[in-house]
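Colleague: Sequence:
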Amino acid sequence: MNDYLPENPFSKYPDIEAELYAEICEVTKSSSAAKQEFNKLKKWLSTPPQYTTVRVNTPKITVEDARELLQKKLKEIDFRNHPVPEVIIHPQIPDLLVVMSTQSPVTIVPATKEVVVAPLCGEAVLRGSQVFVPGVFGAPKSKNDHGILCKSGGHHCSVFIKHIQGGLSAVVDLGPEYLGPEWRWR
1 MNDYLPENPF SKYPDIEAEL YAEICEVTKS SSAAKQEFNK LKKWLSTPPQ YTTVRVNTPK
61 ITVEDARELL QKKLKEIDFR NHPVPEVIIH PQIPDLLVVM STQSPVTIVP ATKEVVVAPL
121 CGEAVLRGSQ VFVPGVFGAP KSKNDHGILC KSGGHHCSVF IKHIQGGLSA VVDLGPEYLG
181 PEWRWR
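Numbering of the sequence shown is given in the UniProt record's numbering, commencing with residue 1 and proceeding in unit increments.
There's no promise every hint is true.
Unchecked claim - Dumping the calculated BS3-like pairs for lysine-lysine here, alpha-carbon to alpha-carbon at most 27 Å:
| no. | residue 1 | residue 2 |
| --- | --- | --- |
| 1 | Lys35 | Lys12 |
| 2 | Lys60 | Lys72 |
| 3 | Lys60 | Lys42 |
| 4 | Lys12 | Lys43 |
| 5 | Lys12 | Lys60 |
| 6 | Lys73 | Lys60 |
| 7 | Lys40 | Lys75 |
| 8 | Lys29 | Lys42 |
| 9 | Lys29 | Lys40 |
| 10 | Lys75 | Lys60 |
No wet-lab data here; the hints were simulated from the structure.
With these hints in hand, go ahead and build the complete structure from the sequences.
Modeller: Right, here's the structure in full:
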C-alpha cells in the first residue's frame, strides 16, 4: 500500500474494527479467509475512488448535453500536462455520468507537517481539488507561521497556514510567487 494512504482506516475506531471483523468471521466461517477478506476491505477503504459519478436531472437537461457541458468544463481546468478526465454515460444507468480519473505518474511524498481537514475536504483533495479554509480542522501550532510545500514531478502544491489572534488559521493555496514578504518557508 502507498505510504501516504492509511494502513488501517479503523485505527481511531477499534470498536468498529472489532465488530466488522467479527461479522466477517461469522460470514466466512474461516479465520484465515476472514483475515484476508478484512485486509482487502481495509485496503479498499483506504484507496481514493477512480471514478466520480454525476446523476443528471433529465427534466432540466439531456444526458448528452450534460456530458458535453461537463467535458467542456473539465477541459478548461489546468491539469498540468496530464490528460483531461473523460466523461462517459454509464452503460447500464442512462441518466448517470461517469468521470474517469486519470492516473498520475507522480509519486507522492508525504509532508513532514500535516494539516487536518474534514472528510469531504479530504475526498475532494484526493480528486485534485484545492484546500479551502472551511475544510481545515487543524494545523500545527507554533510561534512561527507554516508553509507546507509538496514538490512532486516538478509541480508544487502549497498550503500555507498562518495563525492569527484568537487561534484562528488562514489557509492560502497559492504558489510562492503570489505571496507577500510576510510569508516564508519553514
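Colleague: Compare the structure with each hint and give your call.
Modeller: How the hints compare with the structure:
A threshold of 27 Å between alpha carbons decides the hint, and for Lys35 with Lys12 the separation of about 19 Å falls inside it, so the pair holds. For the given pair, Lys60 sits about 18 Å from Lys72 by alpha-carbon distance, which is consistent with the 27 Å threshold. Under the criterion of a C-alpha separation no larger than 27 Å, the hint pairing Lys60 with Lys42 is inconsistent with the structure, at around 40 Å. Between Lys12 and Lys43 the alpha-carbon distance is near 16 Å, which keeps this suggested pair within the 27 Å criterion.
Of the supplied pair hints, the one linking Lys12 and Lys60 is violated, its CA atoms being roughly 43 Å apart against a limit of 27 Å. Straight-line distance between C-alpha atoms of Lys73 and Lys60 comes to about 18 Å, which keeps the hinted pair within the 27 Å bound. The straight-line distance between the Cα atoms of Lys40 and Lys75 is roughly 35 Å, outside the 27 Å bound, and the hint therefore fails. About 19 Å separates the Cα atoms of Lys29 and Lys42, which keeps this hinted pair within 27 Å; it holds.
Distance hint between Lys29 and Lys40 is fulfilled; the C-alpha atoms sit about 17 Å from each other, no more than 27 Å. A hinted pair counts as satisfied when its Cα atoms are at most 27 Å apart, and Lys75 with Lys60 qualifies at roughly 23 Å.
Violated hints, listed in ascending order, are 3, 5, 7; each of the other numbered hints is respected by the structure.
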